[in-house]
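> All chains should be built: construct the whole structure from the sequences, respecting the hints.
Number of protein chains: 2
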Amino acid sequence: MNIIKLSPRQEQIIKLVKENEPITSEKLASKLNVTRAALRPDLAVLTMTNILEAKPKVGYIYSQKPSYSLVYDYIRNIKVQDIMSKPVVVDENTTVYDAIVHLFLNDVGTLFIENNGVLTGAVSRKDFLKIAMGGTDMHKVPVGIIMTRMPNIVFVEKEDNAYLAAHKIMEHEVDSLPVVEKSYNGAKEILRIVGKVSKTNITRLFVKMGENS
Amino acid sequence: MNIIKLSPRQEQIIKLVKENEPITSEKLASKLNVTRAALRPDLAVLTMTNILEAKPKVGYIYSQKPSYSLVYDYIRNIKVQDIMSKPVVVDENTTVYDAIVHLFLNDVGTLFIENNGVLTGAVSRKDFLKIAMGGTDMHKVPVGIIMTRMPNIVFVEKEDNAYLAAHKIMEHEVDSLPVVEKSYNGAKEILRIVGKVSKTNITRLFVKMGENS
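Residue numbers (the UniProt record's numbering), protein chains in the order written: chain A, 1 to 213; chain B, 1 to 213.
Hint data in this document are derived by calculation from the structure and do not stem from the laboratory.
There could be a bad hint or two in this list.
[Stated by the list, open to error] Subject to a maximum C-alpha distance of 16 Å in a straight line, what follows is the list of computed EDC-like cross-link-like pairs (lysine to aspartate or glutamate):
no., chain 1, residue 1, chain 2, residue 2
1, A, K130, B, D98
2, B, K55, B, E21
3, A, K126, B, D107
4, B, K130, A, D98
5, B, K126, A, E157
6, A, K130, B, D107
7, A, K130, B, D127
8, B, K79, B, E21
9, A, K79, A, D127
10, B, K130, A, D127
11, B, K208, B, D82
Dropping the structure here:
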């Protein structure tokens, strides 16, 4: 997958085709005062990039197909496992106060909650702020009481693409998603948390994509 | 700016050049059992995309130049004004309690603080949570006391590119940047807030880039 920058002559050819389509290579060559042979590489580039379409016995037309987007392709090839980071996880029985301490010490926006190693919920800064405003005794209440509980947690898996994760983050208006591994205990699905993807991971990825490397 | 997907033959040419560089078009043609003329369009594409380099009288070599990246180019062309959203702004004298109410009612992560229409600071959910934990009387203390104050606020301008905004967000470990307009009162620089760019805006942009449109 590579990129091409059009030359001034290629831009000129596109303009001529748009104005005169369908147009044969002979006519293009005469309008540009060059030989057909001289045009061949340019026309090859323009048809291979799907900018122009060559209709046999008719001539070149400007392609109506949206040109294949590398950006799209590039993004769809990035997987959750390429950008995920380590989740901060506490047990359901942790007090709200201790959970907030964990949040600050690890400098994260969301804590994930487990019970016996199984993902059961999540709590965000926003949830904690609400509780802190409400006058709850944070030293007594366990985080399991205030968390958002499964099945109301949106998650992704390692093999999902980063686009899907970003889409879920926006759609469900959350800051962070747990990355899970599924297993089964009989018919029961069990989720274990193996990572997280947050708006921070997406922003970091965006910066990486924009770097001149 | 358009994208090109290499054909199997082009991939094969690249492989041959890597293994045999420098290699002339005659040798390439004979290895591929085709005529030189038949190879011409492929070689045109490969040199125009900077994948191969044609050295006169030497042959083709695999280019050491990093190939020009559309992703990079695409990203660098997006401006802050294309992705910014409306900031939520309160006055310095607002109490911490009322400021938190504003935060929830507008469902944002950061409040920007003004004094007489001039940007003077910012407060995040994290700052508020710290205060809420600390037993401060939130109904009495004005937000101006707990905010991060200028000049410690990182900002961008509308014409800056989105990449710069994302880079500053990651570098300074903040969730949101104010977008400002500068004016001068004598020698004094005055900043007015006209927007904000957050990790949410970057994530939304990423989703848009990954959409099949």
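> All hints are to be evaluated individually against the structure, with a verdict given for each.
We went through each hint and held it up to the structure:
As the CA atoms of K130 (chain A) and D98 (chain B) are separated by approximately 13 Å, the hinted pair is consistent with the 16 Å bound. Among the hinted pairs, K55 (chain B) with E21 (chain B) is consistent with the structure: their alpha-carbon atoms are about 11 Å apart, no more than 16 Å. Restraint check: the Cα-Cα separation between K126 (chain A) and D107 (chain B) comes to about 9 Å, which is no more than 16 Å; the hinted pair holds. At most 16 Å may separate the alpha-carbon atoms for a hinted pair to count; K130 (chain B) and D98 (chain A) meet this at roughly 13 Å.
Restraint check: the Cα-Cα separation between K126 (chain B) and E157 (chain A) comes to about 28 Å, which exceeds 16 Å; the hinted pair is violated. A C-alpha spacing of about 12 Å is found between K130 (chain A) and D107 (chain B), which places the hinted pair at or below 16 Å, so the restraint holds. At roughly 14 Å between alpha-carbon atoms, K130 (chain A) and D127 (chain B) fall within 16 Å of each other, so this suggested pair holds. Of the supplied pair hints, the one linking K79 (chain B) and E21 (chain B) is violated, its CA atoms being roughly 42 Å apart against a limit of 16 Å.
The hinted pair formed by K79 (chain A) and D127 (chain A) fails the criterion: a straight-line CA distance of about 29 Å is larger than 16 Å. Annotation: proposed proximity of K130 (chain B) to D127 (chain A) holds, straight-line Cα distance about 14 Å (limit 16 Å). At most 16 Å may separate the alpha-carbon atoms for a hinted pair to count; K208 (chain B) and D82 (chain B) meet this at roughly 12 Å.
The structure fails hints 5, 8 and 9 (numbered hints given earlier, in ascending order).
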